[in-house]
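Trainee: This is what each chain is made of:
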Amino acid sequence: MSSRSPLLEVLAAVAAGAASTAEVSRRTGLDPDRAEAALSALAAAGRIRRVLVLAGACPTQGCRSCGQSRGCASAGAGSLAGSGLSAWRVVAR
Amino acid sequence: MTLEEAATGLDVVLVAGADVRDGRPPRPPVARRLAELGLRAGAPVRIQNRTSGGGAIVAVGEDRIALSRDILRAVRVEPASAPTPAPGGRATQPGPERRDG
Amino acid sequence: MAEPTSCHDEHVGTVPQGMPVVALVGSPNSGKSTLFNALTGVGRAVGNYPGTSVEVGSGRWADPSFGQVALTDLPGAYSLAPMSPDEALTAELLAGDGHLDAVVIVCDAVHLGRSLVLAAHVRMLAVRCVVALTMTDVAARRGIAIDDQVLSERLGAPVVRLDPRRRDVSGLARAVAGALVEPPMHPLALPTGVPTGCTAACPPGCAACPPTTAAALTASLTDDDLAVAEAVFAWVSATVDAATRRTHEARRTWTDRVDRWVTAPVVGPSIFLAVMWAVFVLTTTVAAPLQDGLDALFTGPITEAAGAILTAIGLGDGLLAGFVVDGLIAGVGMLLTFVPLMAIMFVLLALLEDSGYMARAAVVTDRLMGRLGLPGRAFLPLIVGFGCNVPAITAVRVLPDARHRLLTSLLVPFTSCSARLTVYVLVAAAFFPESAGTVVFALYVSSIVLVVLGGLLLRSTLIRSLGHEPLVLDLPPYQRPSVRLLGAATWTRLRGFLATASGIIVATVAVVWALGVIPAPGSGAGLGDVPAGESLYAWLARGLSALFIPAGFAEWHAVGALIVGFVAKEAVISSWAQTYPAGTDLPDALVADLGASSGGHPQAAAIAFLVFLLAYTPCVATLATQRRQIGGRWTAVGVAMQLAMAWLLAVLVFQVGTALP
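Protein chains in written order, with my numbering: chain A, 1 to 93; chain B, 94 to 194; chain C, 195 to 855.
A portion of the hints provided could be inaccurate.
[Unchecked claim] Partial selection, computed: residues in chain C whose CB lies under 10 angstroms from chain B:
(1) E443
(2) T449
(3) A458
(4) V461
(5) V558
(6) T559
(7) L562
(8) P670
[What the hints assert, rightly or not] Here are some of the chain C residues that sit facing chain B, going by a computed Cβ distance under 8 angstroms:
(9) D450
(10) V452
(11) T457
(12) R561
(13) P664
[Stated by the list, open to error] Far from chain A, by Cβ distances over 12 angstroms, these chain B residues were calculated:
(14) T95
(15) G102
(16) L103
(17) D104
(18) R139
(19) R143
(20) R162
(21) E171
(22) A173
Worth flagging that the hints you see were computed from the coordinates, not collected in a lab.
Being a predicted model, the structure only gives us computed values, none of them experimental.
Each residue gets a CB set at the ideal place from its N, CA and C atoms; glycine is no exception.
Build the full structure now, drawing on both the sequences and the hints.
Mentor: Spelled out as C-alpha cells, the structure:
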C-alpha cells in the first residue's frame, strides 16, 4: 500500500490516463464518492481540469504532435477511457 | 472452466487474471487493461448477459465490462463457493502496475 | 442587515434597505435551481449581476419565520476556486464584506463527498451558513444513509433535509431565520474542522483568521504544495466516514435491464440499425428544409441586395459584380447551407456519446466490423456518410485508434451521399424512364460494395498490420445527457468545421465562376461576355474529356459537370443548367450528347457516368475535412485511390455494357 496521500494518487491516476471518476476510483481503490471529492479538490487547486473530448481539442497534425496523447481519451491503442464527452486532464504547469 | 463456459448469473472468482491458452497469453496491453478494470486473480465476477457476436457483459462489483469471445476464452474462473488456491501457487500474471512519480 | 451599496443600482430586483440578502450556492446538478424556483414564486428574475457577465437569479422568499428575504441564486460551482467568471463572482460575494447575510449551501446526498468540498470552502469563510440536503430519496434507494446530526456537528452549521415529495420548506426557513439572528459563524480550521475562534475583533494579521477577500481565498486554495487541498480532502473524507453509512450495495438494475436487450443477439443489432436509421433520417429530413431555406435566402434576397448595392455604386454590370455575386456570395451561401446539417449531426453524435449508448453500439457491431478490420464504432461515420460525407469524416473521431481513424476516413468517400442522389435521380430518369428506381438502388448497393472493397484493398497494401484488438470495454451506466455539455461539444465542433471548410469552398466556387467568364484561348469573345461553349471552362473540359473515351462519356458537358462536381455535387445539375442554352430540355440534351459520345450506347455511358460520380472524390469540403483529420499526404492518397477506382470502374462498366446485347 502506497504511503502517498490520496490526492497525489488521484493526480497520478489522471496523469496516467484515467479520465472519468469511475476510472480514477478503480485505479486508486477509493470509492467513487471520495474519488470525486479528490477530483474536485484537485480541480479547485488548479492541478486538473475537465476538457471536452472529441471536440476540436485535437491538433490538426494528428495525435503525434499533441502533448497529451498519452492520456488522451481519443487516442491510444485499445483504450476507451472516458467514453463520454468530457474527461479529466492534468493542467500543464 | 473458462469465463466463456461459466453460466450466466453464476458468481465466479477469477483464478488467474488472464490465463495461458494454446500457449499464448493475451498481449501485455490487453492484460494490463483487464487488470486496470478490476479483472485480477481473486476478483469476484458474474456474467450479466451474453452479447451478439459471442461475447458477454461481465459484472465486476458495480462496474460492467464488455468482453469479446477470445478474451472470455482466455480467462479461467471457479465458482465462488469453491475454495480458491493460495495466492502465488499459480502461474504469474501481470498485476496492476505500480506507477511512481 | 445588509447595507445597500451603489453597485445595486441596476441590480435585478432592487433590495430595499433592511431586507436580508441570502444566497444559494451548490454544484450544478444538486437541485439548487429547483429549490430557488420553489422558494421564490412570482417576481423572480434572471439577469446579469451588475458589473459582470455572470447570470444570477434573484427573487423574494417569503416565510412567517423571517418575513421576507432577498434570495440570490448564484451559478452552480463545485468549489470556490475561480475557474471561471461564475466561480469568481461567488467567491467575491462570499468572501467580501457584508453583501450577503447568509448562505444556503445545497448539498447533494448522492454525491456527498463532492458537495462537501464546496461546503468546506464556504466554511473557511466567516459567513452564516445553512446546509440544505437534497436528493435524499435517491440516496436512500442507492443504499446511502446520512446522519444529519453528525453532519451538522462536523459542519458547524444546521443541516436541513429537503424532501422533494413533501415540498415543505418551513424547516429550511426556520433554520435560516435562526441563523440570521446569530452573529457570523466561526470558520472551520481544516482538516480538523475545529472552529477557529476568530471573531471580528481579531487583530489585523491574525494568522488563523479566514480570508476576507476573494484574492486571499484564491491564493489559499491554489497554493503550490496542495496543503489546503489536502486539508480539505482529509476533512471531507473524515466527514463522509462519520456521517454516512451503506445500507446495501447499489444495484444498477435499470442499466442492467436495458443492456440485456440492447446487447442481446438479434435484438441488439436490430435496435442498433433502428438507431442508425433514425440518425440518418434526422440528419437528412430535418436538415433539408433548413438547407433549402438558407439556399433560397442566399440566391434570393441576399443576391438581390448585393446586386442593388453594386448598382448603386455604379458597378452593377461589370466583372466585379459577377465575382461578388456569383463567386463570393454563392460560395458563402453554399458553405452556410452545410451548417444545419452539421449542427444536427453533431448534436446526435454528442447525444449518443453522453447517454452511454455509443459504448453498447460498439459491443453490438464489434464482430461485423471486425471482418472489415475496423472496430464496431466505425459503423457510425459510415452511416453518417450516406447523408453527407463532411460530418462523417468528423464523426471518425469516435474511434480511439489513429489507424482505424485513417482507414475509416479513407472509406467514408465511398459512401454515396445525398448530394449525389440528386444527380442519380435526374440521370436515371432521363436514360431509364421505366426503371429509374432500380438503377438508383443498384448504385447504393455498389456504394456498400465499394466500401468493403476499398477496405480490403487498403488493408492489404497501405494500412497493413491493423490487428483487431479484442474488445475490452467499460460500460458506464446510462445517464441523462447534459444539455450544456451537448451544446458546448456541438458548438466547438461546428466552429471547427467552419474554420476548415470556409476558405476552400469560397475559393473554389470563385475559381469555377472565373473559368466560366474567361474566354478559351482562340475564342474571339470578350472577358465576361463568353458563350458557355467558348469559355475556359469548356476548353478545359474538352481537353480532359479525352480521358473518358473508353468510358463512353467523352463530352464536355458531362466532363465539365464532373469538374464542377469536384467542388460540390450539388453544383452538377446547376452547371448543366448554365452550360446548355436556356430553354433546353435537359434530359433530352443529355441523352443526345451521351448517345453521340458513346457511339450509340447512351445507357451504358450513363451508367458509367453515374458509377464514376459515385466513386470519385466527393467534394472539396470533404477534402478539407479529411486533410484536417488525417493530414495532406493521406488525403492525396485517398484522392488518387478514388480517381483510379472511379475511372477503372467506369471504363469496365461501359465496356461490359456495350458488349452486352
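Trainee: None of the hints should be skipped; say for each whether it holds.
Mentor: Status of the hints after comparison with the structure:
Restraint check, E443 (chain C) versus chain B: the minimum CB separation of about 8 angstroms is within 10 angstroms; hint holds. The beta carbon of T449 (chain C) comes within 7 angstroms of a beta carbon in chain B, closer than 10 angstroms, and the hint placing it at the interface holds. Against a cut-off of 10 angstroms between C-beta atoms, the interface hint on A458 (chain C) holds, since the closest Cβ of chain B lies about 7 angstroms away. Given the 10 angstroms rule on beta carbons, the hint for V461 (chain C) holds: about 8 angstroms separates it from the nearest Cβ of chain B.
Taken as an interface hint, V558 (chain C) checks out: its beta carbon lies about 6 angstroms from the nearest beta carbon of chain B, inside 10 angstroms. The interface hint given for T559 (chain C) holds, since its Cβ lies 9 angstroms from the closest Cβ of chain B, which is under the 10 angstroms cut-off. At its closest, the beta carbon of L562 (chain C) sits 8 angstroms from a beta carbon of chain B; the interface hint therefore holds under the 10 angstroms criterion. A distance limit of 10 angstroms between C-beta atoms decides the matter here; for P670 (chain C) the minimum to chain B is near 8 angstroms, and the interface restraint holds.
Proximity of D450 (chain C) to chain B holds as hinted, the smallest CB-CB distance being about 6 angstroms (cut-off 8 angstroms). For V452 (chain C), the interface hint is violated, since its Cβ never comes within 8 angstroms of a Cβ in chain B; the closest pair sits about 11 angstroms apart. This hint holds: T457 (chain C) has a C-beta 4 angstroms from the nearest C-beta of chain B, less than the 8 angstroms allowed. The interface hint given for R561 (chain C) holds, since its Cβ lies 3 angstroms from the closest Cβ of chain B, which is under the 8 angstroms cut-off.
Taken as an interface hint, P664 (chain C) checks out: its beta carbon lies about 5 angstroms from the nearest beta carbon of chain B, inside 8 angstroms. For T95 (chain B), the shortest C-beta to C-beta distance to chain A comes to about 21 angstroms, beyond the 12 angstroms cut-off, and the non-interface label holds. With a closest Cβ-Cβ approach of about 23 angstroms to chain A, G102 (chain B) is found to remain outside the 12 angstroms limit, as its non-interface label requires. A cut-off of 12 angstroms between C-beta atoms confirms that L103 (chain B) is not in contact with chain A; the least separation is 23 angstroms.
For D104 (chain B), the condition that its CB be more than 12 angstroms from all CB atoms of chain A holds, with the nearest at approximately 20 angstroms. At the 12 angstroms boundary, the C-beta of R139 (chain B) stays outside the reach of chain A, the nearest C-beta of that chain being 17 angstroms off. The non-interface label for R143 (chain B) is consistent with chain A: the shortest C-beta to C-beta separation is roughly 21 angstroms, beyond 12 angstroms. Listed as outside the interface, R162 (chain B) is consistent with that label: its C-beta sits roughly 17 angstroms from the nearest C-beta of chain A, beyond the 12 angstroms cut-off.
For E171 (chain B), the shortest C-beta to C-beta distance to chain A comes to about 23 angstroms, beyond the 12 angstroms cut-off, and the non-interface label holds. With 12 angstroms as the threshold on Cβ separation, the claim that A173 (chain B) sits away from chain A holds: the shortest Cβ distance comes to roughly 21 angstroms.
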